[in-house]
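Student: Note that the protein sequences, when read in sequence, are chains L and R.
Start counting the first sequence at 65; every next residue gets the next number (this note's numbering).
Start counting the second sequence at 303; every next residue gets the next number (this note's numbering).
I should point out that these hints are in silico values taken from the structure, not numbers from a laboratory.
Please note that a few of the clues may not be correct.
Footprint (simulated), chain L over chain R, 3 or more residues, beta carbon under 8 Å [claimed, not checked]: (1) 322–330; (2) 335–349; (3) 418–426; (4) 440–449; (5) 487–494.
Where a beta carbon is used, it is the ideal one built from N, C-alpha and C, also for glycine.
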Amino acid sequence: MAGLAEISEAVIRGDDEQVDRLTKQAIADEISAKNILDDGLIAGMGTVGERFKAHEIFLPDVLMAAKAMYAGMDNLRPLLIKEGVPSLGKIVIGTVQGDLHDIGKNLVAIMLKGAGFDVIDLGNDVAPESFVETAKEHGASIIGMSALLTTTMPVMKSVVECVEKEGLAGKVRTIVGGAPVSKDFAAQIGADAYGFDAANAVDRVKCLISEN
Amino acid sequence: MTGILQFMPAEVLPSRDAVLENQGIAPGTVVTKEIDALCRTAIDVLEATAVPVGVMEEISEDDFRGIYDGEGRNEPRTPVADVYMQADHLALFAVTLGKQPEAEIAKRFQSNDFALASMLDAAASAAADRLAGLAEHRYERNLRERGCVTETTGVLRYSPGYCGWDISGQKRLFAFVHPDRIGLILRDSFLMEPLKSVSGLIIAGLRNIHDRPDTYPFCDRCETHGCRKRFRALTK
């Protein structure tokens with residue numbers, strides 16, 4: 065019988081093969097998909113996130129753990145859908161129009177998924193309307209935007225304005241991040257939150273979801 | 303000095319410390335064997351995929367003035383403005399690692415190999431910076447061959463988007479240098495494609511003209527003060 069603590073430990077070690085094997089075993093042992101997810105995979109990633117924030121481990125450690133978690137998620141996904149298990153929240157994320165830098169955005173998406181969120185990644189060079197239309201279409205409550213160029217930061221304001229124009233202010237919250245972006249800029253354009261790095265972005269999204 | 307610059311992939315390979323530093327790991331930090339292996343793999347992939355190339359055009363002070371003014375968005379005072387007018391020689395340049403490293407990064411992300419993708423991105427960024435340094439050295443060597451370098455000469459590069467020289471300065475820089483010759487294009491947002499590319503101005507003149515205090519108004523917003531490190535490297 066596969067223990068959930070064992071799964072959690074394998075995630076922390078970034079051992080994707082072991083996570084794959086243990087989640088399959090847990091499913092065979094008829095442990096519910098939600099339990100495996102919450103007490104195995106997400107619990108492991110939670111520990112990894114805390115250790116990263118405490119500077120005990122480094123970014124590659126987090127990303128190896130994320131790969132391990134995804135190996136488990138691949139096994140659980142059909143069951144989670146079948147059992148109708150809701151995610152912590154749905155987030156639309158992308159790098160804004162005119163910008164192709166997506167490493168930072170990818171890291172945020174990976175860590176949000178690791179924390180149990182449902183992430184719709186629109187990629188890079190995303191038009192303001194696409195963020196909002198996708199949020200409406202999928203019932204997402206958060207839009208996350210990334211920019212690495214000062215010249216593309218104004219697009220973030222356009223997205224916030226587009227949310228307001230569609231009458232979604234308060235229902236769909238916005239969070240911004242990226243090297244040239246600051247907390248002051250976020251406030252200036254009316255964004256609901258600013259994440260200074262991937263781990264912080266996850267914390268901010270959790271706050272936004274709980275406020276909703 | 304004018305034309306296309308060719309480089310070997312092995313020339314641009316970054317050090318282990320430079321790659322790890324781009325991952326937020328300070329030089330000298332002890333890391334796990336897994337992280338070390340990732341770093342080695344990333345550098346190997348980079349060597350196999352990078353096609354480093356550049357373009358360079360010498361430019362007069364008068365011609366550069368028009369390019370520097372760009373779209374009129376520079377800070378009122380900048381190191382470049384303060385330095386270039388004291389220069390003996392100026393050259394505009396653009397360098398790129400080519401498209402393939404980015405394709406490799408995207409491929410790794412798509413296959414959930416996040417740690418390697420991120421490490422490869424860090425390695426490519428460090429390599430692009432190293433490539434810009436090689437272009438700078440190439441120009442210095444050319445000046446030396448022409449008898450234009452003395453013991454007091456300092457050659458240093460500056461890029462739009464940094465230290466008050468607005469990123470929009472790239473538009474006129476590209477119009478002068480024509481990096482499309484090496485497959486490098488500039489988007490309307492002033493984003494260079496491929497992403498792992500660097501453009502800028504190389505200034506050669508008395509070493510001390512580069513010694514600018516980091517007390518410009520925008521220096522308060524700078525987290526690295528890397529200009530001081532670059533100047534110190536120049537004086538070694």
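Student: For each hint given before, does the structure comply? Return the numbers of the non-compliant ones in rising order.
Tutor: 4
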